[in-house]
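Guided by the hints, dock chain B onto chain A, whose structure is given.
Residue numbers (this note's numbering), protein chains in the order written: chain A, 1 to 516; chain B, 1 to 357.
None of these hints come from the bench; they were simulated from the model.
Quick reminder that beta carbons are idealized off the backbone N, C-alpha and C, glycines included.
One should not assume that every hint holds.
[Said to hold, decoys possible] Each pair of labels, with its calculated beta carbon distance range:
| hint | chain 1 | residue 1 | chain 2 | residue 2 | range |
| --- | --- | --- | --- | --- | --- |
| 1 | A | Phe-384 | B | Val-184 | 40 to 46 Å |
| 2 | A | Asp-108 | B | Ile-161 | 20 to 26 Å |
| 3 | A | Gln-135 | B | Ile-161 | 39 to 45 Å |
| 4 | B | Val-340 | A | Asp-290 | 56 to 62 Å |
| 5 | B | Met-176 | A | Ser-124 | 24 to 30 Å |
| 6 | A | Gly-38 | B | Leu-345 | 32 to 38 Å |
| 7 | B | Ser-191 | A | Glu-409 | 46 to 52 Å |
| 8 | B | Val-340 | A | Thr-389 | 53 to 59 Å |
| 9 | A | Gly-145 | B | Val-340 | 48 to 54 Å |
| 10 | B | Ala-334 | A | Glu-409 | 38 to 44 Å |
| 11 | B | Asn-220 | A | Pro-274 | 40 to 46 Å |
| 12 | B | Asn-220 | A | Arg-285 | 40 to 46 Å |
| 13 | A | Gln-135 | B | Gln-331 | 32 to 38 Å |
| 14 | B | Thr-277 | A | Val-107 | 41 to 47 Å |
Below are the chains, spelled out letter by letter.
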Amino acid sequence: MVTDDRQTDRPGATSPDRPILQMRGIVKQFPGARALDGVDLDVRAGEVHCLLGQNGAGKSTLIKVLAGAHQPDDGEILVDGAPVTIANPVAGLRLGVATMYQELDVVDGLSVAENVYLGHELASGGFTQRRAATQRTREVLRRLGHGDVSPHREVGSLPAAGKQIVSMARALSHDARVIVMDEPSAVLDSEEVANLFRVVRELTAQGVAVVYISHRLEEIRQIGDRITVLKDGRTVATGLPVASTPTDELIRLMTGRTVEYAIPRRPAVAADAPVVLSVDGLTVRGEFQDVSFDVRAGEVVGLAGLVGSGRSEVLETVFGARRPTAGTVTVDGKRVRPGTVGAAVRAGIGLCPEERKSQGLLLDEPVYRNITLSTFARTARASFLDEVTEKRTAREQIEALDLRPADPERTARTLSGGNQQKVLLARWLVHGCRVLLLDEPTRGVDVGARAEIYGIVADLTAQGVAVVVVSSEIEEVLGLADRVLVLSEGRVVHTGPASEIDEHRVLDLVMEGSAA
Amino acid sequence: MSEQGTSASASARVPAADESARIEKTGGATAVDRRARNPLRGAAGRNLGLVIALVLVCLVGVITAGERFASIDNLMTILRLAAVLGVISIGMTFVITGGGIDLSVGSVIGLSSVWASTLATQTMAQNFHWSVMVFTALAVGLGAGLVNGVLIAYGRVVAFIATLAMMVAARGLAEMIANRQTQVVRVPAFSDVFRLQPLGVPMLVWIFAVVAVVGWVLLNRTTFGRRTVAVGGNPEAARLAGINVKRHTMYLYALVGLTAGIGGVMFLGRTTAGSSTNGLYYELDAIAAVVVGGTLLAGGRGTIVGTVLGVLIFTTLRNVFTQNNLSISAQAVAIGVIIVAAVMLQQRIAERSRAVT
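With the rest of the complex left out, here is chain B:
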């Protein structure tokens, strides 16, 4: 608190020269400020921790699997596997930052891929353009997200329950459409697109990269992102500041639905198979990656860079496990332990940054 005398009369509030000088001084010099601006304490510091974790995982991979791990081919495999999870994790980052949760993304991947592949293989057969298939998957994802959003924002259903219901229902609908059969998409033009490797990097990875960059700009540089943080941080304050909280909440679920639709297309591109089991448990991996990445599960703070790193850590870890012939079951146990440890570490850091009250 400043010791400088200030007259009680507020009418005489012409900023004097010495006052602006004082503002400059307090702007950068006090101990508290320096601490708050220490790059290792803010978001950058958290991301650095994640980078270190990723490097450690890679080191373990190099030591235990050697050439098999440290090859360009394997790197591309990791990135290809990370791509679908990465795209929906970007969407999930928005929903969680906005104070919500979406458990239905995995099922929506399944539904959108099945819907699109069924369209391709049965309803329209050979004489259609593959873009119709892409458009269908995106529309299905967006539609499912909109349903979630309307139920949560306007129907006042708790997000956990609304998206849990969508998770069950979308999977069921996918099974009905697929009639429990796997539809193999034989559309050469479509497969060719996904076989492209601009600059030696697979198409899937490019899509992930573009979605991540767009997501980063959207969250950090646009009014949409600012509203997301405000709605997640304090919905009542956001509402009383004139932000349409309900509408924005609906948009958030539509957005994550859209990313699930993109995920559905990518799944088709990667496997060429439209199966109702596509994307099973992806919602859990996405939530784990987002939270480990440093986005606050309670809302109000989100980081796209953290999410990308979280996704890469998880995928690399799986790859290292597989390279070492660890069984799927053992992998699951290990990943569970790692999630808990990472989140506990995150909380410690968050508490420390909030201790000044």
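In isolation and in its complexed conformation, chain A is listed as follows:
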């Protein structure tokens, strides 16, 4: 444990006050798992306190304890130096602790104002005071720099970034002194992230403390003041100054090992490598138009663009999950019947979808059944399942991909994000695909597993698989891909080798594209 001296002031923390929030030796026991095993955290007014840790380190549980959604089994929480119990989320809000959860906790069918005041509606005599709520919502939104969002707008019609703003406005409507943000940037593009940071800086300037959780180290460099690192439910370091802690030190603390956060170099694709996937003039009206590209055996093609540029929709259409209005998809020279997933899978296309939990996994089923979800019918004999073979296959993949814990019987729900992604990769490896489509392969995946996933992609290409990758992190797309297509508002605005373009150029192209 790295020592912290919280009495001394550090540069970076805007306020030299004593901590407004302290957690001491927090323990939380779930049936079968000790999620928190002695966590310390102290947060000062006006600082951005970053909480780092791999998936499963206990970050989510910790903030739920802080919000009052979970009760700790041991340890104490102090607000302004006085011990408190946070019996339920309402008590947490009364103490000035507001939480923005990772899964945006907004109700799509309600208006912005109704969402902001959800649970603490302004009312008199049982009647909601809509006018007052609207007025105050407008003020909060203006404070967040989003006076352009109407309080009357239905939240379901807002993009993810807009929902984030609503969630933040709700936190502010409680006069929160501590705002916990659980991976707020996960659903945002770089432009929206910049706006998020601006809001965070304004909040801290007003003395609000922000507990910021993110997997992206570069973001923490930009926004954070101090860092607390969690590993396996324990605090391994607290109060580290952002400015003077090297990245490899943070990674070592988080993982307990040294990992090169790098994408492995792959040999260049031979010019005579056969074209495996050929997409020609693919169009879905209202989503994207005239997208054409070829992927050779062993090649990685990246689709870069902002959320809403149509990049995920292209993948889904290639996979047959959407019906194209025009265009063709060809695998190994054979046309794939459009708009049917079954035909795409038979042709050897596999997709690891963007939303692993809702689109990829049977969360309550064991790992091996998730791995064999595309192949169980093939191993079955006369419709009777062959679970022995299924488990053996799953075990082989678990070993090959270093999936942890290495237990094929474990339910998929209990795995970390990185290991869930490995389950999906394993599914298509077992199926034996010619084309692998990866949508946000490392979203919500911790640093260690990320490098492993890059390694798996490199292995696959070495075996001649054609890979198409989509990611919000432009660096990742450029690093993984041999060739890059830049999409903007549903149109391809650039195609070229990944080595000849950098992140800034991609952003420029995207901006030009949306201006045109």
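Same frame as chain A, but now just chain B:
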């Protein structure tokens, strides 16, 4: 999470001897795993709870009704009454596991029995083989189920509404065919089959047993069952894994329709009367038995053994009530209370098994 260092380069992934040793170790020894494999926590544990509940109900029966309850004759009565409900509950288990619901099974029992009995008594009179009657009932059940399935899977009608419509319409059609009269089937060969008691067990009970065994194998040992769980657990994931979700959904409703057809035949066999009121409210009893048995109403998890136990508990309970001269109305109230209590208990158990997140 393992502490063992792993090199970032994935190309060097030859399983070393110590790695496979580690896999063996994590395979059976950690605290979490032992807990997850504790037989009292999984499906077996839930079924044990149901067995205990059934034993309790029987004890109450023995104490309150004595000889009248604890006789072979009464046991066979209970099983005979459980048989029709049991068969359609097996079908219902599949639909609910697959993320759906079927409110029309009771009406389809009525429709299939009336259609078949009308055929026997009027259209074809005496000169036909009783198997035609059986075949008709099964075809009517399957057909009604297919209509439900096509409407739900391809017509995108919500299952609740589509089967609600079928429930109303099938009952109406049954009344039209029967012309509001009860058709008594006098086909000696048919009645004889149902009077058979191989090994001292009535034919109806044999049919229930066979359907239950086939259902168990189908759900737990075949690709059909695996697809059912996948479609009910996460339809989007199933679709993106290459499973034809729509077609499978249609099959599920056809299957439950077929079991309702079998139920119709059994009803005729038991009562020899084709009446449009046959099977009234059976859909509700079936849903209750399935859910009390431990099948998740939201889909994705189903248990045939649980359903069989659920059916037996309900039927035995009714029998105990009747033995104690409880009025039908009082029985209804008691059963309503018991359903709520059982489902609340089920949810507690389900939550506990999911708490590790």
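Checklist entry - Taking the beta carbons of Gly-38 (chain A) and Leu-345 (chain B), is their distance inside 32 to 38 Å? => result Since Gly-38 (chain A) and Leu-345 (chain B) have Cβ atoms about 35 Å apart, the given range 32 to 38 Å holds.
Item to check | Satisfaction of the hinted span 38 to 44 Å by the C-beta atoms belonging to Ala-334 (chain B) and Glu-409 (chain A) | outcome: With a Cβ separation near 41 Å, Ala-334 (chain B) and Glu-409 (chain A) satisfy 38 to 44 Å, so the hint holds.
Next on the checklist: Quick check on a hinted range of 40 to 46 Å for Asn-220 (chain B) and Pro-274 (chain A), using CB atoms only.
Outcome noted: holds (43 Å)
Item to check | Thr-389 (chain A) and Val-340 (chain B) - C-beta distance against the hinted 53 to 59 Å | outcome: violated (44 Å)
Checklist entry - Per the hint of 56 to 62 Å, is the separation of the Cβ atoms of Val-340 (chain B) and Asp-290 (chain A) within bounds? => result holds (58 Å)
Checklist entry - CB of Ser-191 (chain B) to CB of Glu-409 (chain A), is that within 46 to 52 Å? => result holds (51 Å)
Checklist entry - Does the Cβ distance between Asp-108 (chain A) and Ile-161 (chain B) fall inside 20 to 26 Å? => result holds (22 Å)
Checklist entry - Quick one: are Phe-384 (chain A) and Val-184 (chain B) within 40 to 46 Å, going by C-beta? => result The hinted range 40 to 46 Å holds for Phe-384 (chain A) and Val-184 (chain B), with Cβ atoms some 43 Å apart.
Next on the checklist: For the hint 48 to 54 Å, verify it against the beta carbon of Gly-145 (chain A) and that of Val-340 (chain B).
Outcome noted: holds (51 Å)
Checklist entry - Is the hinted range of 41 to 47 Å satisfied by the C-beta distance from Thr-277 (chain B) to Val-107 (chain A)? => result holds (45 Å)
Item to check | Ser-124 (chain A) and Met-176 (chain B) - C-beta distance against the hinted 24 to 30 Å | outcome: With a Cβ separation near 58 Å, Met-176 (chain B) and Ser-124 (chain A) fall outside 24 to 30 Å, so the hint is violated.
Checklist entry - Does 40 to 46 Å hold as the CB distance between Asn-220 (chain B) and Arg-285 (chain A), or does it fail? => result Taking Cβ atoms as reference, Asn-220 (chain B) and Arg-285 (chain A) lie about 44 Å apart, which means the hint holds.
Checked against the numbered hints above, the structure breaks hints 5, 8, 13 and satisfies the rest.
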